[in-house]
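> With the first letter of the sequence shown counted as 1, position 81 gets the number 90 in this note's numbering; the numbers rise by one all the way through.
No wet-lab data here; the hints were simulated from the structure.
Just to be clear, a hint being listed does not mean it is correct.
[Unchecked claim] Think about it this way: if two alpha-carbon atoms lie no more than 20 angstroms apart in a straight line, the pair counts; the simulated EDC-like pairs of lysine to aspartate or glutamate are:
1. 223 x 212
2. 410 x 340
3. 132 x 147
4. 77 x 125
5. 410 x 363
6. 160 x 108
7. 132 x 148
8. 410 x 344
9. 160 x 147
10. 223 x 151
11. 132 x 180
12. 160 x 102
13. 132 x 151
14. 77 x 112
15. 132 x 112
16. 77 x 96
17. 132 x 102
18. 160 x 123
19. 132 x 110
20. 223 x 240
21. 160 x 198
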Amino acid sequence: MSVLWEMQAPRAVYVHVPFCRRRCFYCDFPISVVGDRLVGESSGMMAEYVRALIQEISLEQNQGFSLKTVFFGGGTPSLLSPGQVGEILNALERTFGFDAEIEISMEVDPGTFDLERLRSWMKSGVNRFSLGVQAFQDELLEACGRSHRLKDVWASVEYFRSAGVGNWSLDLMSGLPGQTLSMWAESLELAIQTGSTHLSVYDLTVEPETVFGKREARGILNVPLEEDVVEMYRSTAVRLAAAGFGRYEVSSYAREARFECRHNRVYWEGLPFYGFGMGATSFVGGVRFARARTRSEYFAWVQGLASGDRSLNSQFWGDRASDLELGREREIFLERVMMGLRLVRGIEVAPLVDRFGPELVAEFMQVLAEFVASGLVIVEGGWVRLSDPDGLLMSNVVLVKLFEVMEK
(Lines of atoms letter the chains of each structure in order from A and count residues from 1; the text may use other names and numbers.)
(Lines give C-alpha, C1' and ligand atoms only; values in the text may rest on other atoms or scores of the structure.)
Protein backbone atom coordinates (compact mmCIF):
# COMPACT_ATOMS: atom_id res chain seq x y z
CA MET A 1 0.00 0.00 0.00
CA SER A 2 1.32 3.46 -0.91
CA VAL A 3 2.03 6.21 1.62
CA LEU A 4 -1.24 7.82 2.71
CA TRP A 5 -1.42 11.25 1.09
CA GLU A 6 -3.25 12.78 4.05
CA MET A 7 -0.36 11.71 6.29
CA GLN A 8 2.06 14.02 4.50
CA ALA A 9 3.30 17.14 6.28
CA PRO A 10 0.92 20.05 5.54
CA ARG A 11 2.28 22.68 3.16
CA ALA A 12 -0.82 24.92 3.22
CA VAL A 13 -2.39 27.23 5.81
CA TYR A 14 -5.85 28.75 6.00
CA VAL A 15 -6.19 31.81 8.28
CA HIS A 16 -9.72 32.74 9.33
CA VAL A 17 -10.45 36.44 9.84
CA PRO A 18 -13.95 36.56 11.36
CA PHE A 19 -14.75 40.28 11.07
CA CYS A 20 -17.32 41.77 8.69
CA ARG A 21 -18.95 45.17 8.35
CA ARG A 22 -22.31 43.39 8.33
CA ARG A 23 -23.60 39.85 7.89
CA CYS A 24 -24.73 39.05 4.35
CA PHE A 25 -28.18 37.50 4.11
CA TYR A 26 -26.79 34.18 2.84
CA CYS A 27 -23.89 33.87 5.31
CA ASP A 28 -23.68 31.26 8.07
CA PHE A 29 -19.91 31.53 8.67
CA PRO A 30 -18.49 32.24 12.14
CA ILE A 31 -18.07 36.03 12.03
CA SER A 32 -18.23 39.13 14.21
CA VAL A 33 -19.97 42.24 12.85
CA VAL A 34 -17.95 45.45 13.34
CA GLY A 35 -20.00 48.04 11.43
CA ASP A 36 -19.44 50.19 8.37
CA ARG A 37 -15.99 51.55 9.10
CA LEU A 38 -12.39 50.63 8.51
CA VAL A 39 -11.11 49.55 11.89
CA GLY A 40 -7.82 47.68 11.57
CA GLU A 41 -5.31 48.38 14.31
CA SER A 42 -7.65 50.89 15.98
CA SER A 43 -10.04 48.13 17.05
CA GLY A 44 -9.25 46.48 20.37
CA MET A 45 -11.40 43.52 19.34
CA MET A 46 -9.34 42.93 16.21
CA ALA A 47 -6.04 43.50 17.97
CA GLU A 48 -6.98 40.93 20.63
CA TYR A 49 -7.92 38.42 17.95
CA VAL A 50 -4.69 38.90 16.01
CA ARG A 51 -2.68 38.36 19.20
CA ALA A 52 -4.51 35.09 19.87
CA LEU A 53 -4.07 34.01 16.26
CA ILE A 54 -0.33 34.65 16.36
CA GLN A 55 -0.08 32.81 19.68
CA GLU A 56 -1.89 29.79 18.19
CA ILE A 57 0.43 29.78 15.17
CA SER A 58 3.52 29.99 17.36
CA LEU A 59 2.40 26.93 19.35
CA GLU A 60 2.26 24.72 16.26
CA GLN A 61 5.10 22.26 15.66
CA ASN A 62 7.11 22.73 12.46
CA GLN A 63 7.27 19.38 10.69
CA GLY A 64 10.28 20.39 8.62
CA PHE A 65 8.51 21.50 5.44
CA SER A 66 7.99 25.09 4.31
CA LEU A 67 4.58 26.41 3.30
CA LYS A 68 3.54 26.56 -0.33
CA THR A 69 0.24 28.40 0.13
CA VAL A 70 -1.42 30.71 2.65
CA PHE A 71 -5.04 31.83 2.32
CA PHE A 72 -6.64 34.64 4.35
CA GLY A 73 -10.40 34.00 4.33
CA GLY A 74 -13.34 35.10 6.35
CA GLY A 75 -15.16 37.11 7.13
CA THR A 76 -13.47 40.08 5.52
CA PRO A 77 -9.67 39.88 5.83
CA SER A 78 -9.33 43.31 4.20
CA LEU A 79 -10.61 44.85 7.44
CA LEU A 80 -7.23 43.96 8.94
CA SER A 81 -4.57 46.63 8.68
CA PRO A 82 -1.46 45.99 6.58
CA GLY A 83 0.49 45.86 9.85
CA GLN A 84 -1.71 43.10 11.22
CA VAL A 85 -1.49 41.06 8.02
CA GLY A 86 2.28 41.47 8.13
CA GLU A 87 2.44 40.31 11.75
CA ILE A 88 0.47 37.16 10.94
CA LEU A 89 2.65 36.39 7.91
CA ASN A 90 5.79 36.93 9.97
CA ALA A 91 4.50 34.48 12.58
CA LEU A 92 3.77 31.88 9.89
CA GLU A 93 7.20 32.31 8.33
CA ARG A 94 8.94 32.03 11.72
CA THR A 95 7.03 28.84 12.54
CA PHE A 96 7.04 27.06 9.19
CA GLY A 97 9.18 28.90 6.67
CA PHE A 98 7.98 29.94 3.22
CA ASP A 99 8.62 28.23 -0.09
CA ALA A 100 10.37 30.49 -2.60
CA GLU A 101 7.29 30.38 -4.87
CA ILE A 102 4.66 30.64 -2.14
CA GLU A 103 1.13 31.71 -3.08
CA ILE A 104 -0.34 34.07 -0.45
CA SER A 105 -4.01 34.82 -1.15
CA MET A 106 -6.26 37.29 0.58
CA GLU A 107 -10.00 37.82 0.28
CA VAL A 108 -10.88 41.51 0.00
CA ASP A 109 -14.23 43.26 -0.21
CA PRO A 110 -14.89 46.39 -2.30
CA GLY A 111 -15.11 49.46 -0.14
CA THR A 112 -12.81 48.13 2.57
CA PHE A 113 -9.44 49.20 1.14
CA ASP A 114 -7.69 51.84 -0.89
CA LEU A 115 -4.57 51.91 -3.04
CA GLU A 116 -2.24 52.59 -0.11
CA ARG A 117 -3.56 49.63 1.89
CA LEU A 118 -3.36 47.38 -1.16
CA ARG A 119 0.27 48.28 -1.81
CA SER A 120 1.10 47.72 1.85
CA TRP A 121 -0.46 44.23 1.81
CA MET A 122 1.57 43.44 -1.29
CA LYS A 123 4.72 44.67 0.42
CA SER A 124 3.93 42.28 3.31
CA GLY A 125 3.95 39.39 0.85
CA VAL A 126 0.37 38.97 -0.37
CA ASN A 127 0.59 38.12 -4.08
CA ARG A 128 -2.95 36.99 -4.92
CA PHE A 129 -6.27 38.67 -4.15
CA SER A 130 -9.89 37.49 -4.30
CA LEU A 131 -12.43 40.29 -4.75
CA GLY A 132 -15.90 39.54 -3.38
CA VAL A 133 -18.12 41.26 -5.95
CA GLN A 134 -21.08 38.79 -6.19
CA ALA A 135 -23.10 40.96 -8.60
CA PHE A 136 -22.74 44.04 -10.80
CA GLN A 137 -26.17 45.47 -9.98
CA ASP A 138 -26.67 47.67 -6.95
CA GLU A 139 -30.20 46.35 -6.41
CA LEU A 140 -28.89 42.79 -6.11
CA LEU A 141 -26.07 43.82 -3.78
CA GLU A 142 -28.61 45.51 -1.55
CA ALA A 143 -30.99 42.53 -1.78
CA CYS A 144 -28.38 40.14 -0.41
CA GLY A 145 -27.12 42.46 2.32
CA ARG A 146 -23.72 43.32 0.86
CA SER A 147 -22.04 46.41 2.30
CA HIS A 148 -20.53 47.61 -1.01
CA ARG A 149 -21.99 49.06 -4.18
CA LEU A 150 -20.94 49.03 -7.83
CA LYS A 151 -18.85 52.19 -7.51
CA ASP A 152 -16.75 50.41 -4.88
CA VAL A 153 -16.21 47.47 -7.24
CA TRP A 154 -14.81 49.66 -10.01
CA ALA A 155 -12.67 51.58 -7.53
CA SER A 156 -11.17 48.27 -6.36
CA VAL A 157 -10.48 47.20 -9.95
CA GLU A 158 -8.67 50.48 -10.55
CA TYR A 159 -6.59 49.97 -7.39
CA PHE A 160 -5.52 46.55 -8.69
CA ARG A 161 -4.50 48.08 -12.00
CA SER A 162 -2.62 50.95 -10.40
CA ALA A 163 -0.77 48.64 -8.00
CA GLY A 164 0.14 46.21 -10.76
CA VAL A 165 -1.62 43.20 -9.19
CA GLY A 166 -0.92 40.39 -11.63
CA ASN A 167 -2.99 37.60 -10.08
CA TRP A 168 -6.47 38.28 -8.77
CA SER A 169 -9.83 36.56 -8.71
CA LEU A 170 -13.37 37.90 -8.80
CA ASP A 171 -16.36 36.19 -7.14
CA LEU A 172 -19.83 36.12 -8.69
CA MET A 173 -23.00 34.52 -7.36
CA SER A 174 -25.91 33.21 -9.39
CA GLY A 175 -29.44 32.40 -8.23
CA LEU A 176 -29.77 35.55 -6.11
CA PRO A 177 -33.27 36.84 -5.24
CA GLY A 178 -34.48 39.09 -8.02
CA GLN A 179 -31.68 38.10 -10.39
CA THR A 180 -32.67 37.72 -14.06
CA LEU A 181 -30.90 36.07 -16.99
CA SER A 182 -30.08 39.48 -18.45
CA MET A 183 -28.59 40.61 -15.13
CA TRP A 184 -26.43 37.49 -15.04
CA ALA A 185 -25.25 38.03 -18.62
CA GLU A 186 -24.36 41.62 -17.76
CA SER A 187 -22.41 40.54 -14.66
CA LEU A 188 -20.42 38.02 -16.71
CA GLU A 189 -19.54 40.61 -19.34
CA LEU A 190 -18.46 43.18 -16.78
CA ALA A 191 -16.46 40.59 -14.84
CA ILE A 192 -14.57 39.72 -18.02
CA GLN A 193 -13.92 43.41 -18.67
CA THR A 194 -12.25 43.90 -15.28
CA GLY A 195 -9.21 41.96 -16.47
CA SER A 196 -9.25 39.50 -13.56
CA THR A 197 -7.15 36.39 -14.09
CA HIS A 198 -9.55 34.08 -12.26
CA LEU A 199 -13.30 33.87 -11.72
CA SER A 200 -15.15 31.95 -9.01
CA VAL A 201 -18.81 31.50 -9.91
CA TYR A 202 -21.05 30.18 -7.14
CA ASP A 203 -24.72 29.24 -7.07
CA LEU A 204 -26.61 30.56 -4.06
CA THR A 205 -26.97 27.99 -1.28
CA VAL A 206 -29.71 28.88 1.22
CA GLU A 207 -28.78 27.83 4.77
CA PRO A 208 -31.64 27.50 7.32
CA GLU A 209 -30.36 29.92 9.97
CA THR A 210 -29.55 32.79 7.60
CA VAL A 211 -31.83 35.70 6.68
CA PHE A 212 -32.48 34.04 3.33
CA GLY A 213 -33.18 30.72 5.05
CA LYS A 214 -35.80 32.29 7.29
CA ARG A 215 -37.39 34.06 4.33
CA GLU A 216 -37.47 30.80 2.40
CA ALA A 217 -39.21 29.09 5.32
CA ARG A 218 -41.87 31.82 5.20
CA GLY A 219 -42.22 31.45 1.41
CA ILE A 220 -41.06 35.00 0.61
CA LEU A 221 -37.62 34.39 -0.93
CA ASN A 222 -37.92 35.46 -4.56
CA VAL A 223 -35.16 33.33 -6.11
CA PRO A 224 -35.03 32.63 -9.88
CA LEU A 225 -36.74 29.60 -11.36
CA GLU A 226 -34.64 26.43 -11.40
CA GLU A 227 -34.50 26.41 -15.21
CA ASP A 228 -33.14 29.96 -15.16
CA VAL A 229 -30.43 29.00 -12.65
CA VAL A 230 -29.50 26.05 -14.91
CA GLU A 231 -29.29 28.42 -17.87
CA MET A 232 -27.04 30.74 -15.86
CA TYR A 233 -24.70 27.81 -15.19
CA ARG A 234 -24.62 26.68 -18.81
CA SER A 235 -24.20 30.17 -20.25
CA THR A 236 -21.34 30.86 -17.85
CA ALA A 237 -19.24 27.99 -19.19
CA VAL A 238 -19.86 28.99 -22.81
CA ARG A 239 -19.22 32.72 -22.35
CA LEU A 240 -16.11 32.33 -20.21
CA ALA A 241 -14.63 29.74 -22.59
CA ALA A 242 -15.10 32.22 -25.43
CA ALA A 243 -13.34 34.86 -23.32
CA GLY A 244 -10.32 32.58 -22.75
CA PHE A 245 -11.14 31.21 -19.30
CA GLY A 246 -10.65 27.50 -18.72
CA ARG A 247 -12.77 25.76 -16.12
CA TYR A 248 -10.70 23.53 -13.85
CA GLU A 249 -13.21 23.01 -11.01
CA VAL A 250 -17.00 23.07 -10.73
CA SER A 251 -17.07 26.79 -9.85
CA SER A 252 -13.57 27.97 -10.83
CA TYR A 253 -12.21 29.42 -14.07
CA ALA A 254 -8.70 30.67 -14.85
CA ARG A 255 -7.28 32.53 -17.86
CA GLU A 256 -4.21 30.28 -17.69
CA ALA A 257 -3.25 27.24 -15.63
CA ARG A 258 -0.77 29.35 -13.66
CA PHE A 259 -3.68 31.42 -12.34
CA GLU A 260 -5.53 28.45 -10.82
CA CYS A 261 -5.84 28.79 -7.04
CA ARG A 262 -3.11 26.51 -5.71
CA HIS A 263 -4.43 26.73 -2.18
CA ASN A 264 -7.94 25.54 -3.04
CA ARG A 265 -6.48 22.64 -5.00
CA VAL A 266 -5.09 21.37 -1.70
CA TYR A 267 -8.68 20.82 -0.50
CA TRP A 268 -9.91 19.29 -3.75
CA GLU A 269 -6.95 16.92 -3.95
CA GLY A 270 -7.39 15.70 -0.38
CA LEU A 271 -4.04 17.01 0.85
CA PRO A 272 -3.38 17.99 4.49
CA PHE A 273 -3.55 21.60 5.65
CA TYR A 274 -3.41 23.74 8.75
CA GLY A 275 -6.29 26.01 9.76
CA PHE A 276 -5.82 28.82 12.26
CA GLY A 277 -8.38 31.08 13.89
CA MET A 278 -11.95 31.01 15.13
CA GLY A 279 -13.96 28.24 13.47
CA ALA A 280 -11.05 27.18 11.25
CA THR A 281 -10.60 23.50 10.36
CA SER A 282 -7.29 21.61 10.09
CA PHE A 283 -6.59 18.31 8.38
CA VAL A 284 -3.30 17.02 9.76
CA GLY A 285 -1.99 13.47 10.10
CA GLY A 286 -5.23 12.01 8.84
CA VAL A 287 -7.19 13.81 11.58
CA ARG A 288 -9.65 16.63 11.00
CA PHE A 289 -10.83 19.02 13.68
CA ALA A 290 -12.52 22.40 13.96
CA ARG A 291 -11.90 25.20 16.41
CA ALA A 292 -14.62 26.92 18.44
CA ARG A 293 -16.94 29.22 16.46
CA THR A 294 -17.08 32.07 19.02
CA ARG A 295 -14.28 34.46 19.97
CA SER A 296 -14.50 33.82 23.72
CA GLU A 297 -14.32 30.05 23.30
CA TYR A 298 -11.52 30.38 20.78
CA PHE A 299 -9.51 32.65 23.11
CA ALA A 300 -9.99 30.18 25.97
CA TRP A 301 -8.82 27.33 23.76
CA VAL A 302 -5.65 29.17 22.71
CA GLN A 303 -4.86 29.90 26.34
CA GLY A 304 -5.41 26.24 27.09
CA LEU A 305 -2.97 25.26 24.35
CA ALA A 306 -0.41 27.66 25.78
CA SER A 307 -0.72 25.98 29.17
CA GLY A 308 -0.55 22.49 27.68
CA ASP A 309 -4.28 21.71 27.82
CA ARG A 310 -5.48 20.27 24.51
CA SER A 311 -8.91 19.17 25.75
CA LEU A 312 -10.75 20.95 22.97
CA ASN A 313 -9.00 18.63 20.55
CA SER A 314 -11.75 16.19 21.52
CA GLN A 315 -13.49 17.77 18.54
CA PHE A 316 -11.27 15.51 16.39
CA TRP A 317 -13.24 13.20 14.17
CA GLY A 318 -11.03 10.45 15.58
CA ASP A 319 -7.47 9.23 15.44
CA ARG A 320 -6.24 6.78 12.84
CA ALA A 321 -6.93 3.75 15.05
CA SER A 322 -10.57 4.64 15.69
CA ASP A 323 -11.03 5.49 12.03
CA LEU A 324 -10.07 1.94 11.15
CA GLU A 325 -11.91 0.26 14.02
CA LEU A 326 -15.19 2.10 13.53
CA GLY A 327 -15.25 1.93 9.75
CA ARG A 328 -14.46 5.63 9.34
CA GLU A 329 -12.38 4.76 6.28
CA ARG A 330 -15.64 4.75 4.33
CA GLU A 331 -16.39 8.32 5.41
CA ILE A 332 -12.85 9.43 4.56
CA PHE A 333 -13.19 7.74 1.16
CA LEU A 334 -16.48 9.47 0.40
CA GLU A 335 -15.07 12.87 1.30
CA ARG A 336 -12.01 12.26 -0.86
CA VAL A 337 -14.20 11.29 -3.81
CA MET A 338 -16.60 14.19 -3.25
CA MET A 339 -13.78 16.73 -3.31
CA GLY A 340 -11.90 15.09 -6.18
CA LEU A 341 -14.94 15.01 -8.45
CA ARG A 342 -15.20 18.79 -8.13
CA LEU A 343 -12.13 19.02 -10.36
CA VAL A 344 -12.80 18.95 -14.10
CA ARG A 345 -10.04 16.38 -14.53
CA GLY A 346 -11.69 14.20 -11.87
CA ILE A 347 -9.96 11.71 -9.63
CA GLU A 348 -7.42 9.00 -10.40
CA VAL A 349 -8.53 5.45 -9.56
CA ALA A 350 -5.19 3.71 -8.83
CA PRO A 351 -4.30 5.86 -5.77
CA LEU A 352 -7.78 5.21 -4.39
CA VAL A 353 -7.19 1.46 -4.68
CA ASP A 354 -3.79 1.82 -3.01
CA ARG A 355 -5.23 3.90 -0.18
CA PHE A 356 -8.62 2.27 0.45
CA GLY A 357 -8.39 -1.17 -1.15
CA PRO A 358 -10.05 -2.68 -4.24
CA GLU A 359 -13.34 -3.65 -2.56
CA LEU A 360 -14.35 -0.12 -1.59
CA VAL A 361 -13.34 1.26 -4.99
CA ALA A 362 -15.26 -1.49 -6.77
CA GLU A 363 -18.36 -0.55 -4.78
CA PHE A 364 -17.83 3.07 -5.76
CA MET A 365 -17.59 2.17 -9.45
CA GLN A 366 -20.73 0.06 -9.22
CA VAL A 367 -22.74 2.97 -7.83
CA LEU A 368 -21.43 5.17 -10.65
CA ALA A 369 -22.47 2.70 -13.36
CA GLU A 370 -25.91 4.27 -13.94
CA PHE A 371 -24.31 7.72 -14.29
CA VAL A 372 -21.71 6.38 -16.71
CA ALA A 373 -24.55 4.94 -18.80
CA SER A 374 -26.38 8.30 -18.79
CA GLY A 375 -23.25 10.26 -19.72
CA LEU A 376 -22.97 12.22 -16.48
CA VAL A 377 -19.80 10.37 -15.44
CA ILE A 378 -16.87 9.46 -17.70
CA VAL A 379 -14.37 6.70 -16.90
CA GLU A 380 -11.27 6.68 -19.10
CA GLY A 381 -7.50 6.43 -18.83
CA GLY A 382 -7.62 5.37 -15.20
CA TRP A 383 -9.57 8.47 -14.15
CA VAL A 384 -13.18 9.14 -13.15
CA ARG A 385 -14.69 12.55 -13.88
CA LEU A 386 -17.99 14.31 -14.27
CA SER A 387 -18.87 15.20 -17.86
CA ASP A 388 -18.74 18.86 -18.84
CA PRO A 389 -21.17 20.56 -18.62
CA ASP A 390 -23.98 18.09 -17.79
CA GLY A 391 -22.15 16.01 -15.18
CA LEU A 392 -20.75 19.07 -13.44
CA LEU A 393 -24.20 20.66 -13.47
CA MET A 394 -25.71 17.51 -11.93
CA SER A 395 -22.84 16.85 -9.52
CA ASN A 396 -25.11 17.04 -6.47
CA VAL A 397 -27.32 14.28 -7.88
CA VAL A 398 -24.31 12.01 -8.37
CA LEU A 399 -22.86 12.75 -4.95
CA VAL A 400 -26.16 12.35 -3.10
CA LYS A 401 -26.60 8.90 -4.66
CA LEU A 402 -23.04 7.94 -3.67
CA PHE A 403 -23.62 8.93 -0.07
CA GLU A 404 -27.05 7.32 0.09
CA VAL A 405 -25.70 3.96 -1.07
CA MET A 406 -22.22 3.90 0.42
CA GLU A 407 -23.00 5.32 3.86
CA LYS A 408 -25.31 2.41 4.62
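> Give a verdict on every hint.
To see whether the hints hold, each was checked on the structure:
1. 223 x 212: holds (18 angstroms)
2. 410 x 340: Satisfied, since the Cα-Cα distance of roughly 14 angstroms is no more than 20 angstroms.
3. 132 x 147: violated (32 angstroms)
4. 77 x 125: violated (27 angstroms)
5. 410 x 363: This hinted pair is violated, its Cα atoms lying about 24 angstroms apart.
6. 160 x 108: Outside the cut-off at roughly 37 angstroms; violated.
7. 132 x 148: violated (36 angstroms)
8. 410 x 344: holds (14 angstroms)
9. 160 x 147: OK: residue 160 and residue 147 at ~9 angstroms, within 20 angstroms.
10. 223 x 151: holds (17 angstroms)
11. 132 x 180: Violated: residue 132 and residue 180 sit about 24 angstroms apart, past 20 angstroms.
12. 160 x 102: Judged against 20 angstroms, a Cα distance of about 36 angstroms means the pair is violated.
13. 132 x 151: violated (33 angstroms)
14. 77 x 112: holds (6 angstroms)
15. 132 x 112: Cα-Cα ~14 angstroms, so holds.
16. 77 x 96: holds (18 angstroms)
17. 132 x 102: holds (15 angstroms)
18. 160 x 123: holds (13 angstroms)
19. 132 x 110: Roughly 15 angstroms separates the two Cα atoms, so the pair holds.
20. 223 x 240: Distance ~26 angstroms between residue 223 and residue 240 Cα, so the pair is violated.
21. 160 x 198: Holds, because 17 angstroms separates the two Cα atoms, which is no more than 20 angstroms.
The structure shown violates the earlier hints numbered 3, 4, 5, 6, 7, 11, 12, 13 and 20.
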